[in-house]
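Here the protein sequences come in this chain order: A and B. Numbering follows our numbering, with no gaps: position 174 of the first sequence is 174. Numbering follows our numbering, with no gaps: position 41 of the second sequence is 1041.
Rather than coming from a laboratory, the hints here were simulated on the basis of the structure. All values derive from a computational prediction rather than experimental measurement. We put the CB at the ideal spot given by N, CA and C, even for glycine. Any given hint could be a false lead.
Said to hold, decoys possible - To be clear about the criterion: a stretch of chain B counts as covered by chain A if any three or more of its residues have a C-beta under 8 angstroms from a C-beta of chain A, and this derived list gives those stretches: (1) 1012-1025; (2) 1107-1116.
Stated by the list, open to error - Quick list of in silico lysine to any residue cross-link-like pairs, SDA-like style, CA-CA up to 20 angstroms: (3) K1222(B) / K1253(B); (4) K11(A) / L1103(B); (5) K8(A) / S1074(B); (6) K17(A) / T1094(B); (7) K200(A) / F1090(B).
What the hints assert, rightly or not - Every beta carbon over 10 angstroms from chain A, so not counted as near; a handful from chain B, in silico: (8) G1049; (9) R1063; (10) Y1187.
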Amino acid sequence: MLTVVFTKPDKWRLYFKRSINEIDLIGINSLPIVALMSTFMGAVIALQTASSMESPLLPDYTVGFITQSSTILEFSPTIISLILAGKVGSNVASEIGTMRVTEQIDALEIMGVNSLNFLVLPKITAALVFFPVLIIFSMALSMFGGWMALYLSDLTTTDIYILGIRAFFNPFHITYALTKTVVFGFLIVSISSFYGYYVKGGSLDVGRASTQSVVSSSIAILISNFILTQLMLLS
Amino acid sequence: MIEVRGLNKSFNQQQVLFDINHRFENGKVNLIIGQSGQGKSVLAKCMVGLYEADSGQILFDNRDFTQLERAQRSEIRQEIGMLFQGAALFDSLTVEQNIMFPLQMFTKMTKAEMQVRCDFCLERVNLAGRNKLFPSECSGGMQKRVGIARAIAMNPKYLFCDEPNSGLDPKTSIVIDKLIKDITLEYNMTTVVITHDMNSVMEIGDNVIFIHQGQKWWEGDKNTIITDDNPEVEAFVYASSFMKEIRSQIQQKRSL
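With the hints as constraints, model all of the structure from the sequences given.
This is the structure in structure tokens:
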């Protein structure tokens, strides 16, 4: 399937136009859920960390440091990707699946259009381009959520929290997070497209394919997360 | 002209088409008829390359479709228009965008030229001015007509229609049938229509083949089909009580 997807588009202008549309559909439309999830998860991480800090040996900025490292290393790239697997994955599988069962894909093929390339490549491009943007946005909002929770609860000062966020900051962690994001984005869209494109039957089967695509994408994310962590952080 | 030679097709070791040989004539409406599940849609899908035939040849004006690579097939496919059973319009696009789609993909027409061509096609199917409607806003008959307009947008040499009248009332069915017939004559196309509607057979059946148990069982036209005494063809043609009544009248006339 992927060898057919990654061929030269029939018309570059249409490919770019479709890619922009897909960025809007699977990227921009995901901003509200990512913003909501990130802000509240950041707030909860900060509050939980603060509530567990009983030892006087731990410096105050630890809350900010833990919020920063857990957000950058795991929460934003992995948890948000799992959420996107649900939102974007089901959307992609059901859109392509519906096109399959209503013969729209057959219509494309008979016109002489490479349907896999035409339908899937713009989605993959959109995911690879925009998922990292979403994750950076998520990281920023998560840390903002952490600050907001601590500030409103009067558990620490803004200066100490920012000190914690800056403490032991390793820029490679951003590289690691964005690499994971790109891999997860590719997995989500390609797996969901596969399930949608090869669906047979009717609306029930489209629903089933949509569910299977979310489950498979999520499993693929978890496994690849483990492998990438081994490769990038421990080797 | 499309010629099918020795076509065989099976799914999961169950053969559904057996050694089909037929020549679909240019400038005529060629009908493939038969009961449901006998292999007529499979035959048409093999002909347009949606299914790969196990063996045999499909020749589009002597170009063997089965031997071509994807890119070369794409060139022939641009000469094919197809009307699907459910119209298969792209539901995210308007009527106008649906018709312009193949023009955008495969021609270097300017926006203005595409607009002219689109308006002409819509006019041809009596849908002038419906450019901005979405498929969901169109009736079944309108969707079929938009499907025809999209199919003829590229001036195809070959037109395939998969059950063009399914889900339509008899009057709209006749409109669609006449449109297919007129367009075939106007553009001198090779038109292949898959149907099990006897009204269509009598309306537009220049050439008719009857598929039964995956084989070409019978061949003729709209005049010969009603007088043929092949038992399977007879059972198909005179399946309804209305047609049975017609048959008894024909037989009465013959006996007089």
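Tested hints:
| no. | hint | result |
| --- | --- | --- |
| 1 | 1012-1025 | violated (count 0) |
| 2 | 1107-1116 | violated (count 0) |
| 3 | K1222(B) / K1253(B) | holds (19 angstroms) |
| 4 | K11(A) / L1103(B) | holds (11 angstroms) |
| 5 | K8(A) / S1074(B) | holds (14 angstroms) |
| 6 | K17(A) / T1094(B) | holds (16 angstroms) |
| 7 | K200(A) / F1090(B) | holds (19 angstroms) |
| 8 | G1049 | violated (8 angstroms) |
| 9 | R1063 | holds (14 angstroms) |
| 10 | Y1187 | holds (17 angstroms) |
Checked against the numbered hints given earlier, this structure breaks hints 1, 2 and 8; the rest are met.
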